[in-house]
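Q: Put the two chains together into one complex; each comes in its own frame, and the hints tell you how they fit.
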Amino acid sequence: MTEPPHEILSLEGVSKVYRSGEFGVTALDKATLHIHGGEIVAVMGPSGSGKTTLLTVAGALLRPTEGTVRICGIDVTHLDESRLAAVRRQKVGFVYQSFNLLEALTAIENVRVVVQNGSHNGRAQAMSRAVDLLHMFGLSHRLNSLPKRMSDGEKQRVAIARALAKDPDLILADEPTANLDAKRGQEVMHLLQQKAQELHKAVVVVSHDNRIRQFAHRVLWLEDGRLRDHG
Amino acid sequence: MLLVARKNLFSEKIRLGISVGGVALSVFLIGILLALFRGWSQQVGSYVERVPADGWLVSEGTTDFVAAASVVPVSAESLLHSTPEVESVSPLIVRPMVMRREQDPFDKTFDVQLVGYDPTKRLGGPLAVEEGSKSPPGPDEIIVDKEMSKRHGIQIGDRLFRGGKSLTVVGISRGGDFVYTQVAFVTLETAIKFLDQPQDKRTFMLVTLKDPSKFDTLAVRVSAYTSDAQLVRGADFANETRDRILGNILPILIVVLVVAFIVGISVAGLTIYTATVEKQREYGILKAEGFTNPFLYRVVFEQSVVTGILGFAVGAGMTVLVAPFAQDTVPQFVVFVRWQDVVGIAGATLLMALFAAWIPVRRMASIDPVTVFKG
Chain A
1 MTEPPHEILS LEGVSKVYRS GEFGVTALDK ATLHIHGGEI VAVMGPSGSG
51 KTTLLTVAGA LLRPTEGTVR ICGIDVTHLD ESRLAAVRRQ KVGFVYQSFN
101 LLEALTAIEN VRVVVQNGSH NGRAQAMSRA VDLLHMFGLS HRLNSLPKRM
151 SDGEKQRVAI ARALAKDPDL ILADEPTANL DAKRGQEVMH LLQQKAQELH
201 KAVVVVSHDN RIRQFAHRVL WLEDGRLRDH G
Chain B
1 MLLVARKNLF SEKIRLGISV GGVALSVFLI GILLALFRGW SQQVGSYVER
51 VPADGWLVSE GTTDFVAAAS VVPVSAESLL HSTPEVESVS PLIVRPMVMR
101 REQDPFDKTF DVQLVGYDPT KRLGGPLAVE EGSKSPPGPD EIIVDKEMSK
151 RHGIQIGDRL FRGGKSLTVV GISRGGDFVY TQVAFVTLET AIKFLDQPQD
201 KRTFMLVTLK DPSKFDTLAV RVSAYTSDAQ LVRGADFANE TRDRILGNIL
251 PILIVVLVVA FIVGISVAGL TIYTATVEKQ REYGILKAEG FTNPFLYRVV
301 FEQSVVTGIL GFAVGAGMTV LVAPFAQDTV PQFVVFVRWQ DVVGIAGATL
351 LMALFAAWIP VRRMASIDPV TVFKG
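Which chain is which? The protein sequence lines are A and B, in order.
Numbering-wise, the first sequence is residues 1 to 231 according to the working numbering.
Numbering-wise, the second sequence is residues 1 to 375 according to the working numbering.
In case anyone wonders, no lab produced these hints; they're calculated from the structure.
For every residue, glycine included, the Cβ atom is placed at its ideal position computed from N, Cα and C.
Check the hints yourself; a few may be wrong.
Calculated pairs, DSSO-like style, for lysine-lysine (alpha carbon to alpha carbon, straight line, at most 27 Å) [said to hold, decoys possible]:
1. A:Lys183 with B:Lys374
2. A:Lys30 with B:Lys374
3. A:Lys148 with B:Lys165
4. B:Lys13 with A:Lys148
Counterexamples of contact, computed for chain B against chain A with all Cβ distances above 12 Å [as the list claims (entries may be wrong)]:
5. Ser11
6. Glu49
7. Pro136
8. Gly157
9. Gly175
10. Ser213
11. Asp216
12. Val222
13. Thr226
14. Ile249
15. Leu253
16. Arg281
17. Gly284
18. Pro294
19. Leu354
Excised from the complex, chain B in its bound form (with noise of 0.2 Å):
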């Protein structure tokens, strides 16, 4: 680094540490928030992704799991056994409610993402059981998911009452996170009982097929078969369920990481464009002494650029020591860091800092040596 760079730099430590602070909130916000929605991608599409379905059928114009307005007769069951693709079928009965713990008020009440499924297909059951015994549950019985768990105090052997009715808590699984809601499983026959759901209809049949290679034949079957039913792929509807949840924050997040942006640069940029204002007579004599433009714009982007290093430190240092204890405090800030978004944001930090050097740069290109001399 140039001396003359360094010098003035570090010799104005208040103005450094504004300078720095600056870039580091800024990369601080912008860490958390893509931390933040990198975690909630993750979360909210794990089950619907890691249910081992090649398909899911669905009503004509369902487009995911978490909206599950979907009705598909069970016939449809039989009826996809038949076809020569198939090899197994699983209905899945899923609907949205609250619930609450049978020794919490009344209002205090929590949602839950309800799954009834075939537990003699498993097919769309609890990804992963990780406490209890009973797995599938028995009859008025309910696994829930970890998360639920932890967010409501949620222990096995727990009541958890919608309305009049009741299911006893008998496990605890992972994997079933939408963040806002989670996941918790009953048998079929629970769920048909519990939810006053006619015998004749299903949410979702899952499928899985002898040979994944002919999804678009049966997709074309099905759709020849009924126009009131849509077969999707498992990954497409993975994709749209985290549509569907993020879909809504994307355009917010995108609105706060560029202010993230513009507050760093800003704030870099005035800092920088100060400290070159209050040198001006100073980079005036070192023109007057023979200094040529190019070197003086190494100076300013020199010192920008540091400040830029600087704050990428301190604010990825703060987004890493911030976002666990944010998660543990926080049960819905769910974050995971990518590298990628990390050299992606030391990146954005670079440009930051050139930006923030321009406008300095060009005022210095105007300063006039001969000024030196007045005074």
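For reference, chain A alone in the conformation it holds in the complex (with noise of 0.2 Å):
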């Protein structure tokens, strides 16, 4: 008998405002999500719906003006900054639009440096990890290339490595094809794809592209902060 997939996010009644003096501005609008182990969402929305806001808040990196967020059944809605942070480490895996490799490192150190931080691994263990990582993501040619010195298909998937590195049960990308061609999009979106399932990770993703949609296993619409089913 399988076990019943768990909880990996949960979002209830979720909202966010941001305020400047007198006025305040709903960026996310009660909303609620639950997201299990395995399971893609794809989150779409026109610009300035609030998909940046949702994402961050998920990821525990903004906290939430009212409802509760909870990452593997850690409510993070009022953790402080460093247990945000130790959240973040163990639990999180970020993929971003624009890459966000660090430019002096090596793919491999890229992958190296977030495997080793906050965790027991020496050097010569998150190596080898970082090396299965990108070996996995077809990046053996390119252990010791700078990202300057690779194309924006092989950055992202160095990006995916990296955000695997930590063995994180959920998975947030922020428009994770905006910055490549449509060929290079559709591999990393099914590279994202085959790992999130063969290593049942949580993946949210967010994206104006409509291609992303064949992906995902639900998709969810997003507009003025308001989150709804899209079938």
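A: Below you can see the structure in the form of structure tokens.
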């Protein structure tokens, strides 16, 4: 008998209001979302709809104004900075639109530095895990390349390898195909889907790109801070 | 060293060069000025310190050897001899003046601190004669300091003029360099004749005691005898002489040292700060990935401290290389490097590095990881 997939991310009535003096802008309005391991959820919507806010709240980077956020059962809503950092370190991996690799570090170092952070892995162990991950993403020939020497597709694959480096339960991807051509975008999404399912990770992909739909189990629509099912 | 710190620091070689160069320049400036100050301190007090006298009898108000406006009566010698504490008394005539070599043009002169001493007592004469066989010098003869000989090309056999009178160089001694002037020795008789000095006046009386612990007793006795003269301890006289010469330089030196220190902090601080601002997005990424503020502070501090260490190594190396060369080229450039100063400069460099990291660290604390999702 297979175990029921456990809940990785839970948002209950989450709102986020940005205040400036007397005025407030509601970026997220009572959003509710539950995601389980192995599930890929695409969140789509127009610019300024609150997608990035949703991602940063879900990633324990931003505290909600209202509601509850749980990551792997941990209520992160009221945690202090150091505990939030610990949750991010252990449970969350990020994939960014502009890759966000550290420019002075080679591919293997970009992954290794994340593996080593907060873990008891020694340098050799971290190195070995970084090599395995990059190998998994077909980057064995790029281990010692600096980001500036890599194509955008390669950079995004390194970024995904980095997101998986600390073996997080939750992967949050912000427009991961926005800076890639159609072919590279498809490749990257296919890879993300494949690895997320193999490794049983929960994935939230925020995007404008309609082609993302085909890789998602669920598609949600976000507009004016309100989240709803989109078939 | 943390991987991120090492890579960030060494991937920008020009920036690192500027940063290390700034610290190195500062260390070099601090090092060379301190070495110069130590060198001068050692040099200018040397003669007075090494004259083996327990005390100097000087005119009331005279504090040091170089501003030798002291006049004591020759009768003081016998008076001192009559006291039970005194072992020996040796009069000195000291006069600062300018002289020239016979073969040089009239405007090519140099400073001399002429010392006339009693050759029968030897006290106050040349500390060590390096060249020439005649010590004490004979009538109308002079022994010059080695530094004076080097700077002005004075050789044994040269005649040195003041006005229409001359003295013949018969020896070269060492230990009498006051940086801006040097001592030269003649006998008391020659000094009286050469300077048209009154027969009954001397500049100082050097005094040795049977029991040096009785110095205060003798000093009180001297004060009781006369209000025109006082007995000063040899060590105090040497220190006052040193202070007279270096006291005016010291405040300037301190200002330059502070400026050098600020330059070091500014260059290192600015380069590290701009590097931090430039990498602010990357630090935001690390924060998003769960790296804590202390880790990021460590990245900045390590970069700053390594910059400081490299700057110190280059600056100290420059000081060691340049100092002897400068000393050979400019005779007044007397340097002496003390290990305590090297340790002090290392400490100052560390302080520089810590200060330089302070503002970038504050900047880093304020980086919001959410910003990495923008653009």
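Q: Against this structure, judge whether each hint is valid.
A: Status of the hints after comparison with the structure:
1. For the suggested pair Lys183 of chain A and Lys374 of chain B, the alpha carbons sit about 24 Å apart, so the restraint of at most 27 Å is met.
2. A C-alpha spacing of about 23 Å is found between Lys30 of chain A and Lys374 of chain B, which places the hinted pair at or below 27 Å, so the restraint holds.
3. This hinted pair does not check out: Lys148 of chain A and Lys165 of chain B have alpha carbons roughly 82 Å apart, beyond 27 Å.
4. Distance restraint check for Lys13 of chain B and Lys148 of chain A: the Cα-Cα separation of roughly 17 Å lies within the 27 Å cut-off, and the hinted pair is therefore satisfied.
5. Look at Ser11 of chain B: its CB is around 4 Å from the nearest CB on chain A, not clear of 12 Å, so calling it non-interface is violated.
6. For Glu49 of chain B, the requirement that its beta carbon stay farther than 12 Å from each beta carbon of chain A is met, with the minimum near 57 Å.
7. Annotated as non-interface, Pro136 of chain B keeps its C-beta farther than 12 Å from every C-beta of chain A; the closest such distance is 73 Å.
8. No Cβ of chain A comes within 12 Å of the Cβ of Gly157 of chain B; the nearest lies about 70 Å off, and the non-interface call holds.
9. Annotated as non-interface, Gly175 of chain B keeps its C-beta farther than 12 Å from every C-beta of chain A; the closest such distance is 58 Å.
10. Under the 12 Å C-beta cut-off, the non-interface status given to Ser213 of chain B relative to chain A holds; the minimum distance is some 68 Å.
11. Listed as outside the interface, Asp216 of chain B is consistent with that label: its C-beta sits roughly 68 Å from the nearest C-beta of chain A, beyond the 12 Å cut-off.
12. Even its closest Cβ contact with chain A, about 75 Å, leaves Val222 of chain B beyond 12 Å, as expected for a residue assigned away from the interface.
13. Every C-beta of chain A lies more than 12 Å from that of Thr226 of chain B, the closest at about 79 Å, which supports listing it as non-interface.
14. For Ile249 of chain B, the requirement that its beta carbon stay farther than 12 Å from each beta carbon of chain A is met, with the minimum near 46 Å.
15. A cut-off of 12 Å between C-beta atoms confirms that Leu253 of chain B is not in contact with chain A; the least separation is 41 Å.
16. Listed as outside the interface, Arg281 of chain B is inconsistent with that label: its C-beta sits roughly 7 Å from the nearest C-beta of chain A, within the 12 Å cut-off.
17. In this structure Gly284 of chain B is not separated from chain A by more than 12 Å, as the shortest Cβ-Cβ distance comes to only about 9 Å.
18. Listed as outside the interface, Pro294 of chain B is inconsistent with that label: its C-beta sits roughly 9 Å from the nearest C-beta of chain A, within the 12 Å cut-off.
19. Separation of Leu354 of chain B from chain A is adequate, the least Cβ-Cβ distance of about 23 Å exceeding the 12 Å criterion.
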